[in-house]
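The listed protein sequences derive, respectively, from chains L and U.
For the first sequence, this note's numbering assigns the number 18 to the initial residue and increments by one for each residue that follows.
For the second sequence, this note's numbering assigns the number 550 to the initial residue and increments by one for each residue that follows.
Calculated from the structure, these hints are not laboratory results.
Idealized CB from N, CA, C, for every residue including glycine.
Some clues are possibly wrong.
So the derived list for chain U, only partly shown, Cβ under 8 Å to chain L, looks like this [said to hold, decoys possible]:
no.: 1; residue: 589
no.: 2; residue: 662
no.: 3; residue: 666
no.: 4; residue: 748
no.: 5; residue: 804
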Amino acid sequence: MQKTQQRGHSRRERGGYVVLEPDGGAGKNREFKLGYSDLDRLKAYLNRYAITFGLFQDNTFEDRLFPFGTVPRVIGPWEFDTLEKGLRQRVHALNLFLLDIYHERKVLKDKIIPEEFVFSCPAYLPEVYGLRPPADVYAHLSGIDLVQAADGTWYILEDNLRVPSGASYPLIAREAYHTVCPNLISDMPVRESRDYPQMLGRVMEDVNPGGISVVLSPGRYNAAFFEHSYLAEKMGVPLVFGSDLEVDGEYLYFKDVGGHRARVGAVYRRLSDEYLDPMVFEPDSIIGVPNIMSVYRKGNVSIVNAVGNGIADDKGIYYFVPALIKYYLGEEAILRNAPTYLPFFERDRKHVLQNPTCVPMFCTEKT
Amino acid sequence: MSSSPQFTDLEYERSADGVYKLNYDVRAEMDTAIRNHSWCLRLSLPDDDFFEVDEFSRYIEPECAAATAVDYLGQEYSYGLTREDHSVFRYGLSATIRQHASYGRRPDTVPIQIFLRSDRLTELDHKGVAWLQAFQSPEKPKNPLEWSIGAMHEITQNMIYLTGSTNYSTPAGDAVSQGSGVCQDFAHILIGLCRAHGVPARYVNGFLVGDGVTHAWVEVFVEGRWYGLDPTHNRLVVHDYIPLARGRNAEDCSLNRGVWSSVVQQHQHISASLVEVLE
């Protein structure tokens, strides 16, 4: 990817205003001024609507306001399109990797990745062998961290394909701009992002083998409980806890407070694999759904994201993602990994030893 | 290096052929009735090719619709949901089994490497690693099966069998440190030793002739085939053992799991009998 404009070019401050210039001010787009008073009103709006995240510290639970930088960061259309293309490519390759690594394992036979990076990884779950998720989709949604270097180059910092969190916050922020400074959005060619919940809902419908869709939350003490309830409400699906679901025979059901039962075909779960089913994973889990893995294995419910995805966003595998893109798609990676050296390989080991400031990375479970 | 190891001090001469009657019954008594009880039970014998099942029946009480599914190793299990109030949950199976070859198992479809990864229950502490180094003779490379048998002898010499000295979640390292344990611990230690030496090893839950409860032993993968080793009795498994569940460790092949939403005291009465019958 070519170097892009520097961040500073798209916004600057001038006499009580922040000035935003899409495309660095070079194109036909006009500049837009965001007054300091607008920024104050934005902050007040977000505080009033209590956009929070939970934090456990010293054994106490605290609901904190989400810290939010009110000055928008402008990403030009060309740059945005490249990022979108690069992210799609990456997720596509990672999804093919997951399908392969739990079935044929061609990537190991072809020695693209040394097999110990997979088999020694705690996130690689033999429990899902022989299980094919509906439509072969593993990474229904992914939270891929991007970072922009001082010279403007974007790098992939890490992949999150397990239970990515945080999609609701930019949606709410966008909502706040619409309310507080509506001209900002309507006067500028800003791309819509508020259809995220509808897109997620469509993804769930696409992989749903029959029944309703639900959002499964571990409970209100989860750091992202606000987000769970927000997305459920926006998608128009029930927000449920483990005890609201039951497996009976071949299917999963949602029990409502009136005692009615409805078959569930897709579960957007916001709890990690090890707590999902006490019959297969952590036996002491009380936030999961007993026997959900049995009906999942039979293809009678979709779990979003799929179980076992951790192997694809493992720190040890990250190093190989550009090679995976080449292997599965026959394409060069559009977005670069942050420069990474794996002392497992002689060449990288030499580099690390000769450059003491370079921090080595090991194949460990994500923290 | 010999590919057919000698088991001079092991019981192997007897013919493996035999007919067994198996009865397995578990009765869980709760001090208060429970309801909405989700359960998952191992009540199917595996499709091993060293034995055949002539007659088979199983039961779950209170009577309840049971669904079946297979796990990642292709092993069948039963699961279900008992809604009604019950203070006794009982299940079991009975079978007549005809053994016609020595104990053993063909390779499974899953990659063998998953039986080399250490886990919380089979991981050895420094004392276990010291054992390992002590009995490894560097001058004479051994067949992995001979090596595993040597490791089993080492366990027998260093451990005593003591009921109640460990619990269901005691890691191998802890059992080694205290020098005592039950069949589960002996199996976990042998698995830990074998994996550390690069021999794929796994846990087996099942039945042994004459035992009053279920028994645990180990399988090691050598030259394309799984062999059985019983570290509790210090012998190669040839006959008199019928497997019920296999997995990476005891937790992976627990015979029953249950979830309900009230606090109760539970007492389990387990009776397992495997008897050789004369035809």
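Quiz prompt | Numbered hints the structure breaks, given as an ascending list | solution = 4, 5
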